[in-house]
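Engineer: Based on the hints, put chain B in the right spot on chain A.
First to last, the sequence lines map onto chains A and B.
Start counting the first sequence at 1; every next residue gets the next number (the working numbering).
Start counting the second sequence at 102; every next residue gets the next number (the working numbering).
Don't take each hint at face value.
[To be verified] With beta-carbon atoms standing in for the labels, derived distance ranges: (1) A:49 to B:387: 26 to 36 Å; (2) A:49 to B:167: 11 to 21 Å; (3) B:268 to A:49: 46 to 56 Å; (4) B:311 to A:89: 32 to 42 Å.
[Claimed, not checked] Computed list of chain A residues with no C-beta within reach of chain B, every gap over 12 Å: (5) 20; (6) 21; (7) 22; (8) 23; (9) 24; (10) 25.
Source of the hints: derived by calculation from the structure; they are not laboratory data.
Every residue gets a Cβ at the ideal spot worked out from N, C-alpha and C, and that includes glycine.
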Amino acid sequence: MSVGPENETGPVQAPPVFLEKQSYRRRRLSDAARLLPIFGALLFAIPLLWPDGSGEGGQVPMSAAITYIFGVWALLIVVGGLFGIAARRWSGSDPGSSERG
Amino acid sequence: MASLNVLILVCLGYVVFLFGVAFASDRLAATRRIRWLRSPLIYTLSLSIYCTAWTFYGAVGYAARSGLEFVTIYLGPTLVMIGWWWGLRKLVRVGRSQRVTSIADLISSRFGKSNLLAICVTVLAVIAVTPYIALQLQSITLSFSIFAEGDPESFYREGSSAFWVAAGLAVFAILFGTRNLDANERHHGVVTAIAIEAVVKLLALLAVGVFVVWGIGGGIDPILQRIDQSEIGTWTIDKGRWATITFLAAAAFVCLPRMFQVMVVENDDERHLRMAAWAFPLYLLLMSLFVVPIAVVGLDLMPEGSNPDLFVLTIPLAQGEGGLAMLAFLGGFSSATSMVIVAAMALSTMVSNHIVMPIWLYSQGRGASVSGDVRNIVLFSRRVSIAVIMALGYFYFVFTGGGALASIGLIAFAGIAQILPALVGGLFWRGATRTGALVGLTIGFLLWLYTLLLPGIGSGLLSESVMTNGLFGWHWLRPDALFGITGLDPTVHSVMWSLSLNTVAFCLVSLLSFPSPLERLQGAQFVNVFDHSAGPRGWTGSVAQSEDLMIMSQRILGAREAQEFFHAEALQQGGRGVLPDPTPAFLERLERELGGSVGAAAAHAMIGQIVGGSSVSVQDLLAVADESAQLMEYSSQLEAKSSELSRTAHKLREANEKLTQISLQKDAFLSQVSHELRTPMTSIRAFSEILRDTDGLLPEDKTRYATIIHDEALRLTRLLDDLLDLSVLESGQVSLNLRDGRLDAVLDRALDSALAGSTGKLVVKRQKSTERIALRSDLDRLGQVFINLISNAQKYCDARDPVLTISVHDVGGQVVVDFIDNGSGIPTQAQSMVFEKFARVSSEKAGGAGLGLAICREIMQRLGGNVTYLTGQSGAAFRVSLATNQEMAAE
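Same shape as in the complex, but just chain A (with noise of 0.2 Å):
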């Protein structure tokens, strides 16, 4: 996978400082890959915060939570899929590194 950083900074020579504007996006790319499990686990944190069954507050129905959770759990794989692809065409575009399976 060439879209890592680390690939490009080789042990020999030091990373230049800017990047062109595609390996900029690459790396943003990653970034952005980086953030969606973390992002992805504050939403599952949230109905942490809905009021519990047991106090007096508005109760949520279960048909309402289950609408939420899946909800996220498909955006998320919705997302990881699009980064997926994506850097799969970026990889794809590498010289060296065609795509098999």
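Structural biologist: For chain B alone, kept in the frame of chain A given last:
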């Protein structure tokens, strides 16, 4: 209603089908048409062994008891997969580049190939996974019993069915998990069978879900209303459990041996993760989509007290949908079997690699150098390990009877999650050390054992007093309230304490301890794996392997030998082609062959490079370095020997030259001597003949001739005396008569005897004050040298008023006596010759035999000094250096 017999028949048919699939894909993999076997789809589906029977049946029961909490089991892995860029990518890369065979192997490799650590992880894994295997056996037997209840003609016994299920699964795992000893521990057949099972269980659950929602519930909206009205209709959640179980599931997803097996070990291509990153969460989502509806409908429809864990099976049965129930049964069966097979394979690899093989090798006392039969031993030990693990699971099931499915699953998760700190620390922190990992793992394991496993499986393993009063009666050591913190959910309590103390111990001990060199190297390799390893290429296909091996072998063995070797191998394999297939046996022989040329470690690394496509590990490099160090030492020894030989040869040449020179000298000497003897002899003979034969000689003539004869005889005697003197001196047989004396006295005597009776007018200049030097030497011999030099000056000095200057002085701590006359001196070309025997400067003034200076030099060298010719003076100048150990007079 399907009878039990039909069910068993279907079951057996399904198993035979799976056998066929596994067998066929193994064959396909062997004949290289495996492109689709290595697709990311197969990889994603194989990950689904995360969804066991616990998921298939238990999730519904879990939902029926605790609402939406069941979903945390899937949310954790979803987050891990979505975040593959953080961790899984690195884990897979490390696993491939280090040729890791299991999670225990990974941990042990990271921490300096520590087998102790590997044993700890293995033991932990076996203890944690055994209940999990029991859980699968329980679910299969439970589902059998459901069908048996509806079939009055059956003779169903729970225990025996569990036994047969366990035995059958063990046979399947042994047949396909240990058929061959793949260097990479990959099992295409099993993976393909698992992928098919993944599809079956997903379809089964979806089918039941669709039936429940649309067949019974009447669509989405009605079912949602029904959910809201049910007993789990409102959002009630234990917040601690929600967070803890999400985290626990994420940790277990990475650390479970069977997940590690399919995710890392069986991974063909790192890029498969890209698809799995979204496709596997999608699979999980689909698996859990209908769980709540099924639970709610089950709670509605089924009679009070029926087991909610089996709603997936019992709802279709109750609705008279025999076919659907059969499908659901097959789904559950698939979940259980795939999990058990892979878990048994992964565990057996760990047990045999880290426990059985070290013990066996140790007991053999031969080290790891034996080859050939080891493979059989490894396979045998894996098979036995699988059988033992299955037996453990079976006995656990028989003795505990099993509890609620979900609780056993969570206990196993919490146990296996104890590996997480060492795993994450090892991958991201170079400072993590073996001791730290060991201590952390032990503390986490003991706490998990004490706070969760022993109380959790119940049946009196922890006595009542320990439960209520704590260990040793210490209240703060109660298993459910460590340090006096009460009121927590047992799972949350245990996970919190065990994992946090595990992590703290791991970090602290790592900070305080110092890693071994191998550990530090491995740490750098792991943490900076993207700097060291090659790109995300898949494992090198076997298509070009033989050719690559051939090219490499030709370089090492030589073209003809390599071709002969390969041809012989191809013939032995059945002669299907010019090149043999890269079978393990062939590779082993080739490695041995190459090892003979380049050393075992280097050969192993080379073949590993081509066949495994993996990078060389540090241990390989160390072994290569060892071998090259040995080679270098050997070659330096050779070099030393050869330089010694050349030195000896040089010395011999020198000695030879010297001998030749000496022989030449001897010839020259002999001819000189004979020449010197002949001249006086000739005159003696001539004059004695005249005396004898001539009559009437005048008396004065007679006297003159006799005088000549006498003189010549004297000359001969002198010559012979000199020769004798020289030979005595040269042979070293001279005995020196060392006495104490003074230099001026020696010079006085020498001058007296040299100038006595001479008619010459040689004037001798001396500076007596400098001559008062005490010395210890052979004074007669020294005097002889002085006499010789003085009479030489007397004889050869050609000045009109010959003057000889004798000066004594100190040159660099050495007393020297210079004899310098005012004559024309010795020509430069003759200077080097004057000390040779029979060397005479001018033939017209021949007085002696030309041995005087040669004798002088010999004498002085015997006395520890020397005689040299002094250049750059006005006349002939000789310098006598006295021995350095002269005692200087203090006068």
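Engineer: Are the hints correct? Go through all of them and say.
Structural biologist: Cross-check of the supplied hints:
At about 28 Å, the beta-carbon gap between residue 49 of chain A and residue 387 of chain B stays in the expected band of 26 to 36 Å. Checked against the hint of 11 to 21 Å, the pair residue 49 of chain A and residue 167 of chain B passes, with Cβ atoms roughly 19 Å apart. Between residue 268 of chain B and residue 49 of chain A the beta carbon distance is about 51 Å. The supplied range of 46 to 56 Å therefore holds. At about 35 Å, the CB distance of residue 311 of chain B to residue 89 of chain A agrees with the hint of 32 to 42 Å.
The Cβ of residue 20 of chain A lies farther than 12 Å from every Cβ of chain B, with a closest approach of about 20 Å, so its non-interface assignment holds. Listed as a non-interface residue, residue 21 of chain A keeps its Cβ farther than 12 Å from every Cβ of chain B; the least gap is roughly 21 Å. With a cut of 12 Å on Cβ distances, residue 22 of chain A stays outside the contact zone with chain B, its closest approach being about 18 Å. At roughly 16 Å from the closest C-beta of chain B, the C-beta of residue 23 of chain A stays outside 12 Å, upholding its exclusion from the interface.
For residue 24 of chain A, the requirement that its beta carbon stay farther than 12 Å from each beta carbon of chain B is met, with the minimum near 17 Å. With 12 Å as the threshold on Cβ separation, the claim that residue 25 of chain A sits away from chain B holds: the shortest Cβ distance comes to roughly 16 Å.
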